[in-house]
Amino acid sequence: MSHPDPMGTGTLHIDLNALVDNWQVLDRQSATETGAVVKADGYGLGAGRVAKALAGAGVRTFFVAAVEEATALRATLGQDPVIYVFSGHMDGDTQTLSDLGAVPLLNSPEQVSRHQARLPDHPFGLQIDTGMNRLGIEAYDWSPEMSQDASLVMSHLACADEPDHQGNTDQLKAFLEMTAGLLAPRSLAATGGILLGPEYHFDMTRPGIGLYGGLPFEGAKTVARLDLPVIQTRTIKAGEAVGYAHSFIADKPRTIATVAGGYADGLIRALSGNATLYAGDTPCPLVGRVSMDLITVDVTHLDAVPDHLTILGPQQSVDTLADAAGTIGYEVLTSLGHRYKRSYS
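For what it's worth, numbering that gives the first Met the number 0 labels the leading residue of the sequence shown as 0, then goes sequentially.
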């Protein structure tokens with residue numbers, strides 16, 4: 000049976016009001032300024048629209064991964080908000096940093112020297128490594144004098160999504176030791192750090208995943224809903240197979256819906272045979288393998304097959320879907336494909 004009218008690709012609904020509500024709840028957790036991380040195209044939901052909504056709610060400081068991400072953000076937000084760049088001052092960034100007024104978070108003595116030589120009057124922040132061993136100036140290279148004129152000194156927690164992990168207290172101790180006596184504002188907490196409590200908040204918090212409805216912010220409102228159109232349905236007999244490698248074989252007559260969406264759209268192959276879609280509140284199991292553009296779903300138990308099934312939404316969070324794929328909500332969000340129609344409300 001064909002479904003002649005649905006769109007050929009899914010619709011990704013982004014609730015900007017829920018996003019703002021999540022920011023406001025996290026903002027109320029601390030007495031400090033609350034920024035917002037909008038890297039990776041606003042965690043896959045559209046950095047321009049996300050940042051504009053957050054700016055309207057009062058956000059004045061944004062964080063991106065690379066200076067290229069700051070270009071579109073500045074065009075959307077104008078000159079007033081501060082845009083920090085986590086990757087710092089890379090060799091090819093000088094002119095763009097200058098043009099945009101973006102603030103690099105310098106990660107090494109080499110970046111400090113580069114910035115001082117090329118943009119001596121341009122604002123900068125510093126990132127220090129307190130135990131994650133990813134980005135930041137190491138303790139043996141660190142000198143408090145580096146922070147003179149810095150607009151922010153930050154570090155990043157490696158284990159904040161596990162509140163009882165010893166790494167949190169170890170990094171807090173290292174951060175306090177390395178920044179003792181500094182006059183520059185300090186920042187340690189992203190979403191997980193905010194939830195760890197006031198001793199992690201310092202002068203600036205910078206929530207990311209929690210804004211978009213992800214853990215460890217368990218109280219977050221749902222921001223993303225993904226509806227996938229049903230292209231075709233068919234009834235198969237017991238013993239018939241579905242999809243590549245015949246990985247699903249029916250044990251009795253079943254109705255199978257072929258749904259637009261696959262690994263080219265961010266629905267990774269690890270979801271094969273593990274994921275659940277929803278017709279309203281009724282769960283429908285994904286059967287067979289995820290292919291590039293299509294998935295197949297068992298809808299035998301439905302009275303009527305709808306024109307779409309929902310894979311993200313109030314029924315299933317990004318983290319629940321991520322669990323089915325053996326990954327994390329961050330990967331689910333940032334993998335969402337460009338073929339989806341995007342709807343903002």
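Just so you know, the hints here were simulated from the structure itself, not pulled from any lab data. Check each hint, because a few of them may be wrong.
To be verified - Computed list of lysine-lysine pairs in DSS-like fashion (alpha-carbon distance at most 30 angstroms, straight line):
#1 LYS236 <-> LYS51
#2 LYS340 <-> LYS51
#3 LYS38 <-> LYS51
#4 LYS38 <-> LYS251
#5 LYS51 <-> LYS251
#6 LYS236 <-> LYS251
#7 LYS38 <-> LYS236
#8 LYS38 <-> LYS220
As the list claims (entries may be wrong) - Listed next, with one range per pair, are the computed distances between beta-carbon atoms:
#9 GLY55 <-> ASP280: 45 to 55 angstroms
#10 ALA138 <-> GLY336: 16 to 26 angstroms
#11 SER97 <-> PRO184: 46 to 56 angstroms
#12 ARG233 <-> THR75: 17 to 27 angstroms
Here the structure is a predicted model, which is why all the values come from computation and not from measurement. Ideal placement from N, C-alpha and C gives every residue a C-beta, glycine not left out.
To see whether the hints hold, each was checked on the structure:
1. LYS236 <-> LYS51: violated, 52 angstroms
2. LYS340 <-> LYS51: holds, 19 angstroms
3. LYS38 <-> LYS51: OK: LYS38 and LYS51 at ~14 angstroms, within 30 angstroms.
4. LYS38 <-> LYS251: violated, 47 angstroms
5. LYS51 <-> LYS251: violated, 52 angstroms
6. LYS236 <-> LYS251: holds, 6 angstroms
7. LYS38 <-> LYS236: violated, 48 angstroms
8. LYS38 <-> LYS220: Roughly 20 angstroms separates the two Cα atoms, so the pair holds.
9. GLY55 <-> ASP280: 45 to 55 angstroms: violated, 33 angstroms
10. ALA138 <-> GLY336: 16 to 26 angstroms: violated, 41 angstroms
11. SER97 <-> PRO184: 46 to 56 angstroms: violated, 23 angstroms
12. ARG233 <-> THR75: 17 to 27 angstroms: violated, 45 angstroms
When each numbered hint is compared with the structure, violations occur for hints 1, 4, 5, 7, 9, 10, 11 and 12.
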